[in-house]
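Undergrad: Chain by chain, the residues run as shown.
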Amino acid sequence: MQTEADTSSTSGINSNPPLRNNADRGGMQAPVLFVERLSKTIRGRKIIDDISFDVRAGEVFGFLGPNGSGKTTTIRMLVDLIKPTSGRVLVCGEDANKHPERALRYVGSIVENPEMYGYMTGWENLDLFARMQDGIGEERIAEVARIVRLDERMHDKVKTYSLGMRQRLGIAQALLGAPKLLILDEPTNGLDPKGIKELRAFIRELAAQGMSVFVSSHLLSEIQLLCDRVAIIDAGRIIAVGDVHEMIAQAEAHTLWLFEDPAAGRRILSEDPRVDVADRDRALLDEAVLLALPGAIPTRIREADVPGVVARCTEAGVGVLAVQRVVPTLESLFLTLTGGERDAP
Amino acid sequence: MRRNLELIRNETVKVWKKKRFAVILLILLVLVPVFVYAQMKIAQNSEDKFTDWRAELRQRIADNTNALSSDRIPEEWKKWRLALVQQLQYYLDRDVNPNTTNAVRFTNTFLQNAVGLFIPLMVLAVASDIVSSERSGGTIKMLLTRPVRRWRILAAKLATLTLYVSLILVVTAAVSYLISGLVFGYGGWREPVFVGFRLHGSDMDTTGVHAVTQGAYMLMQLGLVWFSAMTVAVIAFMVSVLVRSTAASLVTMMAAVISGSILANMASSWHSAKYLFNVNLDLSVYLQGSPPPIEGMTLGFSLAVLGVWALAAIGVSFAVFTRQDILA
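The listed protein sequences correspond, in order, to chains A and B.
Heads up: the first sequence runs through residues 1 to 345, numbered per our numbering.
Heads up: the second sequence runs through residues 1 to 328, numbered per our numbering.
So here's chain A without its partners, still in its complex pose (with noise of 0.2 Å):
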């Protein structure tokens, strides 16, 4: 049987995440955003836990939690909104806190919901944040205007704007100064399949180009479509920080198994040592996949293992229905995560 301990070291989860910021820090260039046990105390309750991160350049980095976890505080506190009540913010080696007027130079965000002047049209809102900050001048706001596709409305007042045009401007306003970093909190919040699917494509392009982007988002499917590496937060306290794909593909995915005969099915798989039969994972499954496999086991078992496995029960005559795997969601993702540092010695 797998342990939770091997679980983390293959996969590139990593528990304690300042050890491994540390090492990145020996090896490669200064991380663009970096975050050293950041924690923040708000009338005797600890919102933010002595948590650590970095982001590199030209990643896209999801920062994935549910609602009320601490997102927005921390990310508050990147842009220096919020003091932290111990620790240190550093973009591009500056203290985000200390010199917001130097750190907040290489960043651009959009902390929530992108509120601009609603009695001003769409260039004098940008004209007024142009001017609070050195060499941005009528052709970068034309420019950022083309960017983000909103040259046509640029004149109009931004109350008549909609939601999806709002995030556009806020977007624009982001990039003004060529930021480093740019700091999107939950994006495709409000916007329409469309919308988003347009954002994906815009993020990715910016990240190619160079660009950092730090999102926030409380759905793992957004996070797995956009994102290079992850840091998954939960009740203040970072659990995991890895690469995405990685996580996903390795620690958490189940295979779930369908015989004709499920009682020699379960047997076979049992005393097989490739296989581990995960039936207490069961609640961490999507609960629809499960309703529409009823009898299916679920299993942990190494991709490469699954044809073999497949071959011996056939051997002893019990019949494959189906094997599948099945990717797992936020919730079984997190509660495995927080399980396993339960587990963990």
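Quick caveat, the hints were computed from the structure, so don't treat them as lab data.
A few of these clues could be false.
With the C-beta cut set under 7 Å, the calculated list includes, among others, these residues of chain A facing chain B [what the hints assert, rightly or not]:
(1) Val79
(2) Glu101
(3) Ser109
(4) Glu115
(5) Tyr117
(6) Met120
(7) Met132
(8) Gln133
Keep in mind that this is a model prediction, so the values were computed, not measured.
In this text, a Cβ means the ideal position worked out from N, Cα and C, and glycines have one as well.
Add chain B to chain A, keeping to what the hints say.
TA: Relative to chain A, chain B alone:
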């Protein structure tokens, strides 16, 4: 320095685009003609009754002197009437008409009556939401995540507020002069006004009295009104930093200003009330030589009280704004 000017420009544009100043101008354009009409009626009335201003003045002195001997009038009112009688007598003795009708005198009288309530309310229209609107609108998150220190943003807002307060006063005086001039004529700049009356108990000390032109009087008055309007403005500014909702900040300040004018009428025996900013707003009483709302108040005292309140408000505003967490 260039960055500071850009920030001030930004804040000025925001207030302008919100059409706050347009509303103030509109209010003036509607109300000033109403006051001009009222003043015109008064002038017509006295013209019907008296052929000579000296006769009118003598009549007023006699009326007020009679009222002084009545038992039913409260002590403070008596003091006020006594001062008035002595002033009118001074004008009569020197053969100077204190009640000519012209645009400059109208403007001076209007400013004198507006300083306690009207001007503060107009100032609040700009000051009350200059910070709180950024919070209730959520735009503060964009504003404070730009690479500019918070104190600079607040300083730009304060500078903008100062600009608008000054503009409001100049425009109030200008609108009042221009509209009343249509009726009363635009003259009167060089007419004399006596200043420097001092009250010692019930005696009027006239040794320091001298004549200034009405134009000079208007400048002095504008200076005093500016000081009191700025005090209201920075206190409203502080409330705007402390309170998230614009409505709450406006109501708080209106209550403070209005209660000041109520207190001024009833607090003459509660002496420590003179340390409240809102009973000190009417600085023009010192220029007129009328008795102050509470005994022991002088021009220097009121300026000091207002100054201390204003500085404290600015201190609190900056201390809170630069440290506070923007949670929602």
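Undergrad: All hints, please: hold or fail.
TA: Okay, the hints, checked on the actual structure:
The closest approach between the C-beta of Val79/A and any C-beta of chain B is roughly 4 Å, which is under the 7 Å cut-off, so the hint is satisfied. Hint on Glu101/A holds. Least Cβ distance to chain B is approximately 5 Å, under the 7 Å limit. The interface hint given for Ser109/A is met, as the beta carbon of that residue sits about 5 Å from the closest beta carbon of chain B, less than 7 Å. Interface hint at Glu115/A: satisfied, since its Cβ lies 3 Å from the closest Cβ of chain B, which is below the 7 Å cut-off.
The interface hint given for Tyr117/A holds, since its Cβ lies 6 Å from the closest Cβ of chain B, which is under the 7 Å cut-off. Against a cut-off of 7 Å between C-beta atoms, the interface hint on Met120/A holds, since the closest Cβ of chain B lies about 5 Å away. The interface hint given for Met132/A is met, as the beta carbon of that residue sits about 4 Å from the closest beta carbon of chain B, less than 7 Å. Among the interface hints, the one on Gln133/A holds; its C-beta lies about 6 Å from the nearest C-beta in chain B, closer than the 7 Å criterion.
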